[in-house]
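Participant: One letter stands for each residue in the lines below.
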Amino acid sequence: MPSLEVEICGLKSKNPFWLASSPVSNSAAMISRAFEAGWAGCVYKSLGIEDKPGQPAAINVTPRLAPLLVDGKMVGLENIELITDRPLSDNLKDIAQLKRNYPQNLLFVSIMALPVERDWKMLARVCEDAGADGLELNFSCPHGSMRGQRAGSSIGQDPEIAGEVTAWVKEASSLPIMVKLPAEVPDIGAVGRAVRIAGANAVAAINTVPCIMGVDLDTLSPIPSVFGVSTHGGYSGPAVKPIGLKKVADLSLDPEVGLPIAGIGGIATWRDALEYILLGATVVQICTAAMHYGYRIIAGLTDGLSNWMEEKGYTSLRECCGLSLGRLKHPNELDRAHRAVAKIHPELCARDDLCFLACQDGGHQAIALQTDRLPAVDEQKCAGCGLCAAVCPILGCMEIGAPGRS
Amino acid sequence: MKMACMAWEGPSLDERRSGFGEVAQSLTRGRAILEASRCLWCHDAPCVHGCPVGVDVPEFIARIRSRDFSGAARVVYRDNPLGAICGRVCPTEALCEGACTSRCLSSPVAIGRLQRFVCDLALEEGRVEFSYPRPQRDRVAVVGGGPAGLSCAHFLRRLGYQVTLFENEALLGGLLRWGIPAYRLPRAVCEQEISLIAQGLNWERATVSAPLMRSILGEFRAVFLGLGLGSSAEVGIPGEDSPGVLPARRVLRDVAVGKDCRQMFDGKDVAVIGCGATALDAARTALRLGAENVWVIYRRTQSDMPGFASEFHAAQDEGVQFLWLATPASITPHAGRLLVTFNRMRIADKRADGRHAVRPKGEQLQLPLDILLEAVGQCSPAKVLDEWPGLAEALEESGNAFVGGDLAGSGTVVQAVADGKEAARRIDSRLDGAAPMMGAPASATLSGGQAPTPNAPNCAMEE
Chain X
1 MPSLEVEICG
11 LKSKNPFWLA
21 SSPVSNSAAM
31 ISRAFEAGWA
41 GCVYKSLGIE
51 DKPGQPAAIN
61 VTPRLAPLLV
71 DGKMVGLENI
81 ELITDRPLSD
91 NLKDIAQLKR
101 NYPQNLLFVS
111 IMALPVERDW
121 KMLARVCEDA
131 GADGLELNFS
141 CPHGSMRGQR
151 AGSSIGQDPE
161 IAGEVTAWVK
171 EASSLPIMVK
181 LPAEVPDIGA
191 VGRAVRIAGA
201 NAVAAINTVP
211 CIMGVDLDTL
221 SPIPSVFGVS
231 THGGYSGPAV
241 KPIGLKKVAD
251 LSLDPEVGLP
261 IAGIGGIATW
271 RDALEYILLG
281 ATVVQICTAA
291 MHYGYRIIAG
301 LTDGLSNWME
311 EKGYTSLREC
321 CGLSLGRLKH
331 PNELDRAHRA
341 VAKIHPELCA
351 RDDLCFLACQ
361 DGGHQAIALQ
371 TDRLPAVDEQ
381 KCAGCGLCAA
391 VCPILGCMEI
401 GAPGRS
Chain R
1001 MKMACMAWEG
1011 PSLDERRSGF
1021 GEVAQSLTRG
1031 RAILEASRCL
1041 WCHDAPCVHG
1051 CPVGVDVPEF
1061 IARIRSRDFS
1071 GAARVVYRDN
1081 PLGAICGRVC
1091 PTEALCEGAC
1101 TSRCLSSPVA
1111 IGRLQRFVCD
1121 LALEEGRVEF
1131 SYPRPQRDRV
1141 AVVGGGPAGL
1151 SCAHFLRRLG
1161 YQVTLFENEA
1171 LLGGLLRWGI
1181 PAYRLPRAVC
1191 EQEISLIAQG
1201 LNWERATVSA
1211 PLMRSILGEF
1221 RAVFLGLGLG
1231 SSAEVGIPGE
1241 DSPGVLPARR
1251 VLRDVAVGKD
1261 CRQMFDGKDV
1271 AVIGCGATAL
1281 DAARTALRLG
1291 AENVWVIYRR
1301 TQSDMPGFAS
1311 EFHAAQDEGV
1321 QFLWLATPAS
1331 ITPHAGRLLV
1341 TFNRMRIADK
1351 RADGRHAVRP
1361 KGEQLQLPLD
1371 ILLEAVGQCS
1381 PAKVLDEWPG
1391 LAEALEESGN
1401 AFVGGDLAGS
1411 GTVVQAVADG
1421 KEAARRIDSR
1431 LDGAAPMMGA
1441 PASATLSGGQ
1451 APTPNAPNCA
1461 MEE
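In the order they appear, the protein sequences are chains X and R. Residue 327 in the numbering used here sits at position 327 of the first sequence, with consecutive numbering throughout. Residue 1043 in the numbering used here sits at position 43 of the second sequence, with consecutive numbering throughout.
So that you can see chain X by itself, here it is in the shape it has in the complex (with noise of 0.2 Å):
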């Protein structure tokens, strides 16, 4: 059986799956049961500031998510949650309670606030005396930068002050650091450069991405309508996977960054989650797919992680962190001597035709239809483009390669 363990900040790691800071880690009995089903680490939700001691740092709206739905199947989800709205003192009972009872996995506590350096010096101490493993610091939240408000993504989005609460944290914990980047940031590297300077031991991308989820056509309140009204919110699932995968390929590639990275952003399967760690993640962080489906799905992601490190002869996770990041070139940098066409599987074929219409209205009208309806392809006119083979219904129907097979 092949290792998943991998080792981030100096820890162990059993395998490379957290939970992400969010509503899937909100207590200790909901991360309990994650642990017991087998995810090796979490990151507690952000904890923040209270006002008066007992009051929570945040008051929630209902409701607070708005799905993205692509043939009734949710791909995207909306969220206008804020950070932890239970007491500080509940919470930290909580964290001290799960590292006695799972010492052996993981627990990372993500905290929040305005760049304050008294507020997160109290913040990073008390996570450390409650026994918390390491800290997350949210640099990234979407909603922190609402109304003019200076924490969340607006830290995460000015490299300066990124480095400078990231110092202040340091100063202040002997635990260690990992910073979560915001999505809508220009130059992620800039910021992943900042933190380390200033003693971040990890990096965590992506967060949520800014997002308006869509507009109710009865009542013309944006969605989710909160009494008749809404806000922008943070965009996650299925959809964000590319932009993550982005996000993450740009802060391995950066030589001066030179961090671990925990990978976010719509893993929902084993598949999602090695494409991350082969573009240089070292563990993934999921929320999304555990609201949806549950932490049943950890048995799938280690098992379908595992068999298919078995099958390419890999023994260990460390050895995947990155594989194919030599293969991510700049676009000068890209054969264009060659050129490749489409070829359709004609026994797979169910006959939508949709590569037919796509190609007639979408490509470069390469595609016939025979008198079966059967399409087939003219490699003379065939760009090789690719468009038949994304809407294809069926895996394996249409395959894009050298010409002249049959």
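In short, the hints are calculated from the structure, not lab data. Ideal Cβ positions, reconstructed from N, Cα and C, are used throughout, including at glycine. There could be a bad hint or two in this list.
[As the list claims (entries may be wrong)] Just a few of them, taken from the derived set where beta-carbon distance is under 10 Å, the chain R residues facing chain X:
{"id": "1", "residue": "Thr1028"}
{"id": "2", "residue": "Ile1033"}
{"id": "3", "residue": "Asp1068"}
Based on these hints, arrange chain R on the given structure of chain X.
Facilitator: Below, chain R alone, put in the same frame as chain X:
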């Protein structure tokens, strides 16, 4: 070239009628993924409860969706060592698919076909191998090498027991091998899964008898009886011993062992009495052997037939004719053929079990036939036990005898597998630090049904 939709629907009716090639076709990977994407992945999924062996259906389907095909097969094989076989022969419409939540939304997910797809793929790629711990625990005997016995032996070995299996025949498999026609269960698939379980299994060919049972009781800490059912029941009418009247099971067996029965059936008029699984299999087999006309004749109606709907429809599609509310009264050999007289029946009142009682209508019908196949159930080998006084009591007293499969009234392969698995679990909980076999309390004895006491009914009627 076959179109993809044909790959879903299978061969044409003409192709089906002309040979024993498998009717249900395999899914392609792409089709399987598409079908898997319809699964809702319900919590506490009803399909799992609908599966007698409790295969974690949503979990294996989720793995298909994530293209972890070998992982999917592993999930199936964890709970069912006959995954590819059950993926073919299970009456899924009455089990997992009958319970599928998507049934209420549009149509059930094709769970059986998906299970078959992943198991076939894993078998084809040589990925299936059962591993067992070193057998260091008590010696347990399994009597009968059909699906129930194979399952029990498999699960006992997984728990570390020293298992010895006793089988009447020269080959393991029981009904899988001798009873299910190849168009439903290709020989190669059957062979492959049986041999995987047989790998390293200690088994002996032995005729089941009272002395054997007694020596087993003396030698082993527990015993599982999965003997199946014995000889076919007779209808009990005049002329039943005429040439051309024979048990349907014998034809199925003859075809299974490779005897050429084509000459016997070619161009003939054949009727099958009964409408259970054996009757439907025999009727479809007769068609494939070239019979001109095949009737299935049943004394009740379609709604009360013991056969499963999917097999009934397949038989009907292939051209089997059904005659309801008729029961044979007498058989007269006539000019080299059989003149069979049937009593027409009428539906009387509904019985407590929901089926209808039937009574003679006072009318008769005569059919000239060449062959009459009887498929009205089998005699229980509990008779074997009855023939040696005191044996059943000895089993009962041992406290560690368990029955399963057809002998316990389980009518499907998957239920037999479930019986064997459950018996292994019970044997384990009984022997795990328990008192010696003799002297154990006589109460909690038999799994899956009743003790084979001399008073138990010795004829299980399939009707």
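Participant: Hints first: check each against the structure and report whether it holds.
Facilitator: Hint by hint, here is what the structure shows:
no.	hint	result
1	Thr1028	6 Å, holds
2	Ile1033	5 Å, holds
3	Asp1068	4 Å, holds
Hint violations for this structure: none, all hints satisfied.
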